[in-house]
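Participant: Heads up: the protein sequence lines correspond to chains A and B, in order.
Residue 262 in numbering that gives the first Met the number 0 sits at position 263 of the first sequence, and the numbers go up by one each step.
Residue 105 in numbering that gives the first Met the number 0 sits at position 106 of the second sequence, and the numbers go up by one each step.
Worth flagging that the hints you see were computed from the coordinates, not collected in a lab.
Errors might be hidden in some of the hints.
List of simulated lysine to aspartate or glutamate pairs, DMTMM-like, C-alpha gap at most 25 Å [to be verified]:
#1 A:Lys274 with B:Asp12
#2 B:Lys87 with B:Asp12
#3 A:Lys390 with A:Asp77
#4 A:Lys273 with B:Asp12
#5 A:Lys273 with A:Glu75
#6 A:Lys137 with A:Glu211
#7 A:Lys390 with B:Asp79
#8 A:Lys137 with A:Asp84
#9 A:Lys137 with A:Asp81
Over the 10 Å line for every Cβ pair with chain B, so calculated as not near, a few chain A residues [claimed, not checked]:
#10 Thr301
#11 Tyr312
#12 Val318
#13 Gln328
Quantities reported herein were computed from a predicted structural model and do not represent experimental measurements.
Positions of the beta carbon are idealized from the N, C-alpha and C atoms, including for glycine.
Okay, here's what each chain looks like letter by letter:
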Amino acid sequence: MDPLILTAVMFISMLALMATGLPIAFSLGGVGVMAGLLLWGPSSLELLYFSAMEVMRNWVLIAVPLFIFMGYVLHESDIAKDLFDAVLLWAGGVKGALGMGTVAICAVIAAMVGISGAATLSMGVIALPAMLNRNYDKHIAVGLIQAGGALGFLIPPSMMMIMYGFLSGVSVGQLFAGGVLPGLMLAGMYIAYIGVRCQIQPHMGPALPVAERGTFNQKIAAIRVLLLPALLIFFVMGCIFSGITSPTEAAGVGAVGALICAALRRKLTWDLIKKATLPTLELSGFTAWIIIGAVVFSKVYTGLGATAMIKSYMVGLDVNPWFILIVMQLSFFFFGMFMDDIAILFMCMPIYIPIITGLGFDPVWFAILYIVNMQMAFLTPPYGVNLFYMKAVVPKDVTMGDIYMSVIPFVILQLVGLILLMLFPQIILWLPTMLFR
Amino acid sequence: MRRKLSLVVRKIDSLSVWSGRILAGLILVMSGVIVYEVVARYLFNSPTIWGLELATMIFGTYILGAGAWTWYRGGHVRMDVFYNHWSKRTRAVIDAFTFPLVLLFLGVIFWKSSVYGIEAVRVMEHSHTVWGPPVYHWKMTLPLAIFLMMLQGLADFTRNATLAITGKEL
Chain A
0 MDPLILTAVM FISMLALMAT GLPIAFSLGG VGVMAGLLLW GPSSLELLYF
50 SAMEVMRNWV LIAVPLFIFM GYVLHESDIA KDLFDAVLLW AGGVKGALGM
100 GTVAICAVIA AMVGISGAAT LSMGVIALPA MLNRNYDKHI AVGLIQAGGA
150 LGFLIPPSMM MIMYGFLSGV SVGQLFAGGV LPGLMLAGMY IAYIGVRCQI
200 QPHMGPALPV AERGTFNQKI AAIRVLLLPA LLIFFVMGCI FSGITSPTEA
250 AGVGAVGALI CAALRRKLTW DLIKKATLPT LELSGFTAWI IIGAVVFSKV
300 YTGLGATAMI KSYMVGLDVN PWFILIVMQL SFFFFGMFMD DIAILFMCMP
350 IYIPIITGLG FDPVWFAILY IVNMQMAFLT PPYGVNLFYM KAVVPKDVTM
400 GDIYMSVIPF VILQLVGLIL LMLFPQIILW LPTMLFR
Chain B
0 MRRKLSLVVR KIDSLSVWSG RILAGLILVM SGVIVYEVVA RYLFNSPTIW
50 GLELATMIFG TYILGAGAWT WYRGGHVRMD VFYNHWSKRT RAVIDAFTFP
100 LVLLFLGVIF WKSSVYGIEA VRVMEHSHTV WGPPVYHWKM TLPLAIFLMM
150 LQGLADFTRN ATLAITGKEL
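With the hints as extra help, turn the sequences into a complete structure.
Facilitator: Below you can see the structure in the form of structure tokens.
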């Protein structure tokens, strides 16, 4: 069959199945097995078993449940609340300080938790009421929490990067390193924007009343709460970046480290163990099966010769490689409007990665561009995950319309960030090059 | 009939819940094994020959076994752009219609993994590493995990079919 027709048939039937609400994992796997049976024959069925086995004995993927678990333990031990209390004390007379501090906390949470949304939920519960009570404009307060919360997949550890590493064969350590500077850059851009905006329009984020400002001693005492999470983050990332351990081993160390943190904070209870282990299992099961579905799908697709044909077709096209890259970014943005980010990863990457490397682009760079792009998808309707998280926690007088409005300046900042990262690949590649090459 | 069906479906649910409770604890064992390996290597300079392999085996059981629990919790993410706007009954009808495809997908893996698993048990397969642990029981956890998942799927299918046909929930 002509590879272009095959591509169309497989993708359209998969999208049609997804539209019926069939879980994405089974839409991918179902189309894979049908295409295999009809176009390849019963011998393709062996491939399903080997796809499952590939996941079952994969050393890289072990890091996924471990990092998820580490994140849940830290989340359940209320570190976010302590961090915000510290921000309150340190805010002083600076306009917009609570907002800037909240973005910084989101970055810290992103460095502890490998999934997106965790920071949006906890900051939505903790920081949002605190900001609104102190007369922050609801648009800036709601917007900054969503933008900050979206940093989760960009700042390592990141589930998304581990799965990209699994698909592309790029080392997870390099991907983690690639996310550090872009993550800090975006967080810095949000903070600068909030600071400048509140300086010009003080009603957006007024300074704290004098009575609420922390004293010097309180400030020093508040720093102590930062100590444990900071140690853990530096230890885990240090293990990976210095090459002492593999990301998987670092994840195991991080998981145990998180338990020790919880114990030191006297939060290590049976209840916490339950609240951390059960959701970890649920998320792991989802990840495992979507990976198996995607591996089956792409193995059949590749086995029928489509990947190679599409690749040589795209690489042989007489257009500027940048054109193809930008079309890919637009396709991410388009799919992101109605589809889950992990689904997009497993759907597009098996086809895109060979093309990208064939065109001479760096796969680490491409991964980070994808993740920054997905952050915009989190914040843009109709399927913006963070918008839903936000809606679940905002007070009643903040409408869905307010939430949509609130993200506009931040989406513009993300777009500027994405363009900067495309124009200056060094921002992404400097750290991985220095550490690993 | 209806009561019997409902009883069976709830039994399957509780089976998934129990599989989840047991598997959930494995994450602690897995972290423990990995940390032991790292500590043994760097602090005592005596890396184990079994650390990596044991962690991988636990992981395999953990992550594939999670399927039934995830299904029970509704954690297999779907694209809900349209799904959310449908009535419960419409969803049940459509889910019942797409289920055979899921059953085919899982059924094939179940069949193939049973064939390979039984063969592994027959020859008492051991791993080809220095440590060389038995792997036949581990290979049998894959068909077991998928069996649990198919059961949970059938339970949901029964619920959906009942709602679709009679208009009443089971």
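Participant: Hints first: check each against the structure and report whether it holds.
Facilitator: Hint by hint, here is what the structure shows:
1. A:Lys274 with B:Asp12: Answer holds: A:Lys274 to B:Asp12 is near 20 Å, not above 25 Å.
2. B:Lys87 with B:Asp12: OK: B:Lys87 and B:Asp12 at ~20 Å, within 25 Å.
3. A:Lys390 with A:Asp77: 22 Å, holds
4. A:Lys273 with B:Asp12: Roughly 19 Å between the alpha carbons, so the hint for A:Lys273 and B:Asp12 holds.
5. A:Lys273 with A:Glu75: 10 Å, holds
6. A:Lys137 with A:Glu211: 21 Å, holds
7. A:Lys390 with B:Asp79: Cα-Cα ~17 Å, so holds.
8. A:Lys137 with A:Asp84: 20 Å, holds
9. A:Lys137 with A:Asp81: Satisfied, since the Cα-Cα distance of roughly 23 Å is no more than 25 Å.
10. Thr301: 18 Å, holds
11. Tyr312: 28 Å, holds
12. Val318: Its Cβ never comes within 10 Å of chain B, the nearest being 31 Å, so this holds.
13. Gln328: 21 Å, holds
The structure fails none of the hints (numbered hints given earlier).
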